[in-house]
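Participant: First to last, the sequence lines map onto chains A and B. Each residue of the first sequence is one higher than the one before, starting from 1 at the first, in the numbering used here. Each residue of the second sequence is one higher than the one before, starting from 1 at the first, in the numbering used here.
Derived by calculation from the structure, the hints in this document are not laboratory data. Be aware that a few hints might be false.
Intra- or inter-copy, both count: the list cannot distinguish identical chains.
Simulated crosslink set (EDC-like; lysine to aspartate or glutamate; CA at most 20 Å straight-line) [stated by the list, open to error]:
1. Lys185 to Glu124
2. Lys185 to Glu128
3. Lys102 to Asp213
4. Lys94 to Glu223
Model, not experiment: these values are computed from the prediction.
The residues making up each chain are set out below.
2 protein chains.
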Amino acid sequence: MGQNVSPERKKLVVFLGPAGSGKTTLVGSYGKWLEKEMNVKVSYVNLDPGAEVLFYSPDFDIRELFTIRDIMVKEKLGPNGAFIRGMDLMLQMKKEILDSIKKIEGDYILVDTPGQMELFVFRETGPELLSALRYVGYVVGVLLFDPVMASSPPSLVAMKLLSLVVQLRLGIDNVLILNKIDAVKNSDVLRLVEDYESLKEALAFDSKGLVSDMASSLIDVVEEYTPASRLVKISALKKAGFEELYDILHEVFCTCGDLT
Amino acid sequence: MGQNVSPERKKLVVFLGPAGSGKTTLVGSYGKWLEKEMNVKVSYVNLDPGAEVLFYSPDFDIRELFTIRDIMVKEKLGPNGAFIRGMDLMLQMKKEILDSIKKIEGDYILVDTPGQMELFVFRETGPELLSALRYVGYVVGVLLFDPVMASSPPSLVAMKLLSLVVQLRLGIDNVLILNKIDAVKNSDVLRLVEDYESLKEALAFDSKGLVSDMASSLIDVVEEYTPASRLVKISALKKAGFEELYDILHEVFCTCGDLT
């Protein structure tokens, strides 16, 4: 009963990740690669009102509506308060934002999200916007982490779990990316990212008792429901891993097609 | 082989939670309650360089070393960059911060953390600071969420998972709190927070196929390793749930004592 991905429907790739994980750089770098190497028409959306410099030319930019700096000055808010106010404003302007995104042409629309992921994911803004974006086209998330999250076996489990948290909150499939792979110091840890058995052994060695047991059980669930192939190692700097990301995104978009 | 909590050792309660979850308000309100109702000597630490107003009088305040506003002006950084720079600075100043905290007296030291949890938890700053704080006293986390995370069954699972993510990253036990309980609109969802069987039924109804199955399996693991009693419903505004929080913290501190 599957349905192929209609070539006319837009493909939206939403880049998510904690502060400093490299979303904006990857959006620019991956977009240019798609255009040049894959001959795909790419458009760009910036939903980060706190961004200062973008590495791409946005077809829609939330900063045309407001910026965090403006809010700090005009509403006399501190940086924490301004970010929260920014998310509330984005939710209020949902219709305007969606109407603008609907008008954008292109096979792929790359969507950059707020610097602090939690503001978007754990408040109402992200879930509501992404839910509405599903009427614009196929939506897939790309969830970025940097090597700090690959610093120890328990952190690797934390990273995998966080991708499930994001999936449960936003209701979209996401591809897990370890970015800045060129900056990884301990390459042994990288092996663990994809080898669940070794990861479980490492957990038993690294942590004690309950924590190790719990992490092992969680890994079993993760292993059952999210194929290991979904983790892509990327270097936005060296354009490494881009083809793999393209293939996996294509595969996920096909599955979306199957489900609709 | 258990060891009782030494009354001389300090008890550090670290308040964590996403932006807007109400950390600072709760630190102030819970601290006053502890002093007044429990007759406990309470001290306060602020580790949020982006805070503007505190509802308590800090014994150590990171803003004496630097603020996010200062960084934005002096280093000409945007708000996103300033927050990341702030976390790096905090890590560099680790020794100075720890020395100051060591000098603080009090049975309970309540520690307020950066507005955006991910900056603290998913970078190196939080794990390294908390690891060092263990030499100062017993450390327990209090992880706050607001009712937005209780808006649907999948979000409830996401909230539970996130508490495991924090535990794996920071290496400390944490008590999960649903704050602003007075603002919950759908009280049916509240029942699900503690009743795993009903939560699983609701998941099957709310989500489809794989997502529901995965969430159910995850809930089984959570149920096995984290007692349901660990979730406390709080209203900082109405000082509701404070006694339960006190009892659970006491219990967790005793377990810390057992483990050391």
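Participant: Taking the hints in turn, state whether each one holds.
Facilitator: Status of each hint after checking the structure:
Taking identical chains as interchangeable, the C-alpha atoms of Lys185 and Glu124 lie at most 20 Å apart only when they sit on different chains, with a minimum of 14 Å there against 37 Å within one chain. Proximity of Lys185 to Glu128 under the C-alpha cut-off of 20 Å is restricted to the inter-copy arrangement: shortest distance 17 Å between copies versus 38 Å within a copy. Taking the shortest Cα distances, Lys102 and Asp213 never come within 20 Å of each other, neither inside one copy (47 Å) nor across copies (33 Å). For the homomeric pair Lys94 and Glu223, neither the shortest alpha-carbon distance inside one copy (36 Å) nor that between copies (37 Å) is at most 20 Å.
Violation of the numbered hints given earlier is confined to hints 3, 4; the remaining hints are satisfied by the structure.
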